[in-house]
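Chemist: For the working numbering, count along the sequence shown from 1 and bump the result up by 644.
Since the hints were made in silico from the structure, they are not lab data. Please note that a few of the clues may not be correct.
The calculated label-pair distances, taken between Cβ atoms and stated as ranges, are [said to hold, decoys possible]: (1) D679 <-> L760: 25 to 35 Å; (2) S742 <-> S647: 40 to 50 Å; (3) L765 <-> N707: 15 to 25 Å; (4) Y701 <-> L734: 24 to 34 Å; (5) I761 <-> Q741: 22 to 32 Å.
Even glycine gets a Cβ: it sits at the ideal position worked out from N, Cα and C.
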Amino acid sequence: MISDLFFIFLGGGFGSLMRYLVIILGEKAMNHFLDSSHPIGTFVVNLVGSFAIGILYGLFRNNLNVSNSLYLFLTIGFLGGFTTFSSFSLDAYKLIQSGELIFGLIYIVLSVLLSLIFTFLGIFISNYF
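Let the hints inform the model, and build the full structure from the sequences given.
Modeler: So this is what it looks like as structure tokens:
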């Protein structure tokens, strides 16, 4: 039990650091290329995380020899720290509060819809491994 908690803790730390880096790089890219501050980093993180959880789910569901510690590290730990619903919610709120209602609504719909599609796509692709 203690080792499981350690692997979740370790994965969560790495996932959170990676989320931070992707969000910072996303903001810099948006500012540099599009002169915009839209929350592309959180959007990308959630899509990549959805795709990754789909692949991992598909791989682990068919492979009973995978250690529980690795599963906990990658799914609950790393991807739990990497993806974030709270940042997504705050980004949507900020867009709407700043008067960008249409873009805020598009951001909400695309984030949820594409995250689901990416999860399904990851599971589908994992069937070929």
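Chemist: Are the hints correct? Go through all of them and say.
Modeler: Hint by hint, here is what the structure shows:
no. : hint                      : verdict
1   : D679 <-> L760: 25 to 35 Å : holds, 31 Å
2   : S742 <-> S647: 40 to 50 Å : holds, 46 Å
3   : L765 <-> N707: 15 to 25 Å : holds, 19 Å
4   : Y701 <-> L734: 24 to 34 Å : holds, 27 Å
5   : I761 <-> Q741: 22 to 32 Å : holds, 28 Å
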